Structures are given as structure tokens and as C-alpha cells.
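Chemist: Quick note, the sequences are listed as chains X and W, same order. For what it's worth, the working numbering labels the leading residue of the first sequence as 1, then goes sequentially. For what it's worth, the working numbering labels the leading residue of the second sequence as 1, then goes sequentially.
Please keep in mind that the hints were generated in silico from the structure rather than gathered at the bench. Quick caveat: nothing in here was measured; it's all calculated off a predicted structure. One should not assume that every hint holds.
Claimed, not checked - Computed cross-link-like contacts, EDC-like style, restricted to lysine to aspartate or glutamate with a CA-CA straight-line distance of at most 16 Å:
| hint | chain 1 | residue 1 | chain 2 | residue 2 |
| --- | --- | --- | --- | --- |
| 1 | W | 2 | X | 138 |
| 2 | X | 25 | W | 57 |
| 3 | W | 53 | X | 138 |
| 4 | W | 116 | X | 138 |
| 5 | X | 116 | X | 27 |
| 6 | X | 139 | W | 55 |
Stated by the list, open to error - Simulated restraints on C-beta separations:
| hint | chain 1 | residue 1 | chain 2 | residue 2 | range |
| --- | --- | --- | --- | --- | --- |
| 7 | X | 54 | W | 110 | 46 to 52 Å |
| 8 | W | 65 | X | 129 | 15 to 21 Å |
| 9 | W | 114 | X | 39 | 47 to 53 Å |
| 10 | X | 86 | W | 112 | 35 to 41 Å |
As the list claims (entries may be wrong) - Okay, the calculated bits of chain X under chain W, using three or more residues with CB under 8 Å as the criterion:
| hint | region |
| --- | --- |
| 11 | 15 to 28 |
| 12 | 47 to 58 |
By construction, the Cβ of each residue, glycine as well, lies at the ideal position given by its N, Cα and C atoms.
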Amino acid sequence: MVELTRRATFSAAHYYWNEAWSAEKNEQVFGRCANRNGHGHNYTLEVTVSGEPDPVTGFVIDLKWLKDVIESEVMKAYDHRHLNLEVPEFAHTNPTTENIAIAAWKRMESAVNAAKGARLSRVRVYETPEIFAEYRGEK
Amino acid sequence: MKAYFGRRYMLSASHRLHSDALSAEQNQAAYGKCNNPHGHGHNYVIEVLVGGKVDAETGMVVNLVDLDAVVRKKVVDRFDHTNLNRDPLFVNRVPTTENLCRAVFALLNEATVTGKLEYVRVEETENNFFQVSGSE
Chain X
1 MVELTRRATF SAAHYYWNEA WSAEKNEQVF GRCANRNGHG HNYTLEVTVS GEPDPVTGFV
61 IDLKWLKDVI ESEVMKAYDH RHLNLEVPEF AHTNPTTENI AIAAWKRMES AVNAAKGARL
121 SRVRVYETPE IFAEYRGEK
Chain W
1 MKAYFGRRYM LSASHRLHSD ALSAEQNQAA YGKCNNPHGH GHNYVIEVLV GGKVDAETGM
61 VVNLVDLDAV VRKKVVDRFD HTNLNRDPLF VNRVPTTENL CRAVFALLNE ATVTGKLEYV
121 RVEETENNFF QVSGSE
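Let's have the full structure, built from the sequences with the hints guiding it.
Modeler: What follows is the structure, given as C-alpha cells:
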């Protein structure tokens, strides 16, 4: 089995807020991230796909095809958007780096797994070069 | 749902690779320029990965502020701008980055943070890094 990873970058705004909590509790738990005017990041998305290289092409998956899936399923929805206000899965779910990794996985999973022999194995999201989260499809 | 949260920290420290169990010639053969008598230093990057359930209320595996507080207290404040050879942990242990990585894993694994410490990776330079995982 071979793993291949494709990177993509997007820029988006967000804030952290739990609607069930008071403003004071939100500010206490989330600190500056709870500023309701939002803030933004340059995110880096790493999508890892695993499988056996095809005996004819030598590819686990066509990277151009994977690039297009990332673009159509994730970039189009997230890039230059306000995640809380413009992305449906974050209307009532905090757009933490963990939840972005899970949501990006869900957006790409069926397309990638429909490609013969390839499986989505890891989605990693860097919020900054020093902060990242990862989802591996575990319950 | 299980996910992972990762964070990278930087610290600068000096060290000298030298084993009392080896002769001067053997030390020189084993460690080369890393055995030079007055030591040298690196900007180490410590990458920490924590795994666990994403909390339904916060959307987090671990609160960054809590993780930062633990890593700063246990690791960064202890080693940053120090000579690793002088640390009690390295009195009888050569401060190779393998051993530093193990020491950092042990220091963090005993500290209370939400989730499980999955791995500690220590990058000594941009071209080499070492990793200790929880399963070890």
C-alpha cells in the first residue's frame, strides 16, 4: 500500500461560539476566538489517499483528479468565506480545526472512495504552521 | 468522533554528544563534530499530537490554551535557552535528539491534558527529526 498526499490552501474567517452558553462563558472558554466580528487564517489542507499503485499507470490515484475533487468539494465552499455564516455544516457547529478536518473528510469521502482501489486515509488541516488537526475516519 | 490536535513549539538549546562509557577516540568516532568540547546548539521544534473525542460543546479534542500551558511549563520553560547536558535528565544519558524526544514524551505523558498523547516529534534541524509514539 502507498499513501499519497495533496496539499491545498484556503483563506477563511471564523469565530468560536456555543449558542447554548452565555457570552461570558464563551469568552472564558474560547478567549479571543470568541470575538463575534470574527478573525481569519490561511489554512493548509492535506489530503492523504492510500491504495495500491495501478499496474498500468503506476498511480494510486490521478493527482489531477484528486486536486479537482479537493477544489470542487472543499475549496469552493471554504475559500474566502466566513465559515460560521456561509458554510452550512458550521451554522450550529463550531468551526474548530478539528471540526474542519472532519467536515472536509465528509465532503470528499464518497468521491475518493468511489475511485477504484483508493481510500481516503487522512485529512489534516493546518490553521497556522504551528496548529493543526487531523481526522482519520474514526468514530 | 475521534480526531487529533497537533501543535508545534520551538526551543533553542545547546548540547554536546559525549558518553563517559567511551574513550576520547571512541567519542570522536561515534559523534564527530557533535563531540566538540564546548558543545553547539539547535532550534528544536517539538511537535505534539493529542488524540481523543471531539467535545460536543467546544468542538475541540483539547483546548489549545491548556495544552500550551502544560507544554510550556513541563518542556519549553525547562529546556529553552539551556545546556541540555546540565539538565538532571541528561546527567547519565547522552542528550541525543532520540533521548530528548523520549524525555519530552515522558514529561508530557505524565502531565494531565485532555486526550491521549499520540506522539512527540522533535525536529533537530530542518533535515532530521525523531518521533516517539504512545504505543512504544
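Chemist: Are the hints correct? Go through all of them and say.
Modeler: Now the hints, each set against the structure:
{"no.": "1", "hint": "W:2 - X:138", "verdict": "holds (6 Å)"}
{"no.": "2", "hint": "X:25 - W:57", "verdict": "holds (12 Å)"}
{"no.": "3", "hint": "W:53 - X:138", "verdict": "holds (10 Å)"}
{"no.": "4", "hint": "W:116 - X:138", "verdict": "holds (15 Å)"}
{"no.": "5", "hint": "X:116 - X:27", "verdict": "violated (47 Å)"}
{"no.": "6", "hint": "X:139 - W:55", "verdict": "holds (13 Å)"}
{"no.": "7", "hint": "X:54 - W:110: 46 to 52 Å", "verdict": "holds (47 Å)"}
{"no.": "8", "hint": "W:65 - X:129: 15 to 21 Å", "verdict": "holds (19 Å)"}
{"no.": "9", "hint": "W:114 - X:39: 47 to 53 Å", "verdict": "violated (24 Å)"}
{"no.": "10", "hint": "X:86 - W:112: 35 to 41 Å", "verdict": "holds (38 Å)"}
{"no.": "11", "hint": "15 to 28", "verdict": "holds (count 4)"}
{"no.": "12", "hint": "47 to 58", "verdict": "violated (count 0)"}
The structure fails to meet hints 5, 9 and 12 from the earlier list, while all remaining hints are met.
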